[in-house]
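> Whenever a hint applies, use it, and build me the whole structure from the sequences.
2 protein chains.
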Amino acid sequence: MPFDPASFNPPTRTLMGPGPSDVPPRVLEALSRPTIGHLDPRFVEMMEEVKGLLQYAFMTENALTMPVSAPGSAGMETCFANLVEPGDKVIVCINGVFGGRMKENVVRCGGEAVVVEDEWGSVVDPQKVEAALQAHPDAKILAFVHAETSTGAQSDAATLCRLAGEHGCLTIVDTVTSLGGTPVKVDEWGADAVYSGTQKCLSCVPGLSPVTFSDRALEAVKSRKTPVQSWFLDLNLVLGYWGSGAQRTYHHTAPVNSLYALHEALLILREEGLENAWARHELNHRALKAGLEAMGIGFVVKEGDRLPQLNAVTVPEGVDEAAVRRTLLEEFNLEIGAGLGVLAGKVWRIGLMGHASNRRNVLFCLAALESVLSRMDAPIEKGVAVDAAMAVYD
Amino acid sequence: MPFDPASFNPPTRTLMGPGPSDVPPRVLEALSRPTIGHLDPRFVEMMEEVKGLLQYAFMTENALTMPVSAPGSAGMETCFANLVEPGDKVIVCINGVFGGRMKENVVRCGGEAVVVEDEWGSVVDPQKVEAALQAHPDAKILAFVHAETSTGAQSDAATLCRLAGEHGCLTIVDTVTSLGGTPVKVDEWGADAVYSGTQKCLSCVPGLSPVTFSDRALEAVKSRKTPVQSWFLDLNLVLGYWGSGAQRTYHHTAPVNSLYALHEALLILREEGLENAWARHELNHRALKAGLEAMGIGFVVKEGDRLPQLNAVTVPEGVDEAAVRRTLLEEFNLEIGAGLGVLAGKVWRIGLMGHASNRRNVLFCLAALESVLSRMDAPIEKGVAVDAAMAVYD
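Chains as they are written, first to last, in the working numbering: chain V, 1 to 394; chain X, 1001 to 1394.
Incorrect hints may appear among the rest.
Derived list of chain X stretches under chain V, where covered just means 3 residues or more per stretch with a C-beta under 8 Å from a C-beta of chain V [as the list claims (entries may be wrong)]:
id : region
1  : 1045 to 1055
2  : 1101 to 1113
3  : 1328 to 1340
These are computed hints drawn from the structure, not numbers from a lab.
The beta carbon of each residue, even a glycine, is placed where N, CA and C say it ideally should be.
Structure representation (structure tokens):
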């Protein structure tokens, strides 16, 4: 081999992009505990606890609540592959990257996608959704993104789920960026198939995707006329391992250590309490916003529709946005995110997710951003950001 | 919530089942290093090293050599979902659980499976395969399991790949249990799509599936007439992230920490050297075999066809096999595996994989097994196993 790699020692970054977010030491330590067998009775006990803790996080009593053994995209695919049969009509709301990915999933499952489109940065418009539900009484599923990670917009999941229910539709809801950061009330919403990720507001390592299915959704999976096209994601099989009862059937080898980490991350969430976590995300968002606005930097999403944990902000006139991110990373070990899709080059995405949503990070980010932008002679207000943020905390 | 979970502290087991195997402290430590972004330039450098190290392990120069972000079953599905189009004919060799799973994959991809069956515990019969290739000149793919984890049989991959090549077929090869334990010579065999797992002879945590595709196989993926039915596993998209070049396109969030661990596990393999690792697996297998045979316990697979890293052995007459495993786990913290499918209740599967393939484990397992079987009045020879094993090492 022409190369001679050594052990990889990552730099210590501050992760304020769209995820992964900073993982607390307690979770990293849990991750590194000795591996045991995926059918070990002690491990099975822990699996039960993970299910219970996820029910807490999702605010649901759904029996089918578990982590898929792969990242959030596989959680999305779990929902679509299990619920969409060839020919099924699915109303898909697109207001950013992840709605587009949902549509792609529908098509690949042989379904027919009816698209309800809203501008990137806007929330999903319930009126358009209601019109689509009326125009397509044969639709089986309404799919939408609660927290659009590409824009920072938070849609009204309660209303959208209610409309779907009134028209006899199941719902598939993306809560990858919301779970643990803003309210995800699965039972209160009456949502049917909901997926999330571990590397955002749960502050766990990336690689798992928590999902929860209502009994109605599970019934639809069990009464399919065609087999689920994915063997790996087929819930009829996965439940042999993750379902209840002492007897677990081998399906695939679970990612044992990542599940230790998720268990610990969920414990931390429960110790803090969901409501407190939401309030903390809100407070740090307000401080960051005050600082950014004092500098003269605006938001993509209009006030009231914003996710506090994912701030998509506009790049000041004439600034090379990639150079700013590079400098923040190289000089400050600080990661913020680039824009995706139509927003590429125009916005930054500043995450305040989970463990990373704290005052230190808010002040550090504002100070570092101001320093870098000043050197580039960007048209910003100087010397005011940190004070403006501090005023929110005081 | 009716329960009050605390941090999970797993017991320290010795893992001698069919996987996961014991993960060395160096790998667990690497796993727990601080998470960084999946698009961080330093992380991208590490990804390149992982690809190079996997090429070493697979003995290939295939450019498409990378870990899938999910367990071995998803690696299997990556191969089938990308190569099988609706209507494609695939010859599938079944001599255990995983051949059966391959067939299931073919069907779910809309392909037509032609099954070549051999008894569980036997290797795949090249003569039957040749007959099938002749009878089905329109077959596109030959799929077989190199190392059948359910039985411990190792098939002749070189011959099977040669036959496929002579008939213009691509090959899909399961090396989940062989990679790092016995020779997997992808380029020498001329294999086309090969997948493995991290939790067997690589002694890494479970959750990733290394795969390698020949240029010919990649060409077949790129020239598909229909889209790959899985968005998550579509290599046309995954390669935007894992392909070469400085510019990485976001596809899904990579399991960052698990990849640190795989990097470290592959470094350990390279430090030891593939040939030395194979010799170590062979030596410890011979010692275990000597001890078991001295006790009067026989093997499922005939000599010469056995995987040294996975020993399927017959349960002595009249012994409650589950009780033996339970006692080993509870009293000795020692995990050995149960039989699967038609072998359930009849065999144990004793793994000597990766880091766990060492003299301490061989002697410990023999001593513990003899102790438990003696107490159950099993018809075994006593007081001879350890000496017989030691004679192999001397």
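> Against this structure, judge whether each hint is valid.
To see whether the hints hold, each was checked on the structure:
1. 1045 to 1055: holds (count 5)
2. 1101 to 1113: The restraint on the region 1101 to 1113 of chain X holds, since 6 of its residues have a Cβ under 8 Å from chain V and three suffice.
3. 1328 to 1340: holds (count 3)
Against the hints set out earlier in the document, no violation occurs for any number.
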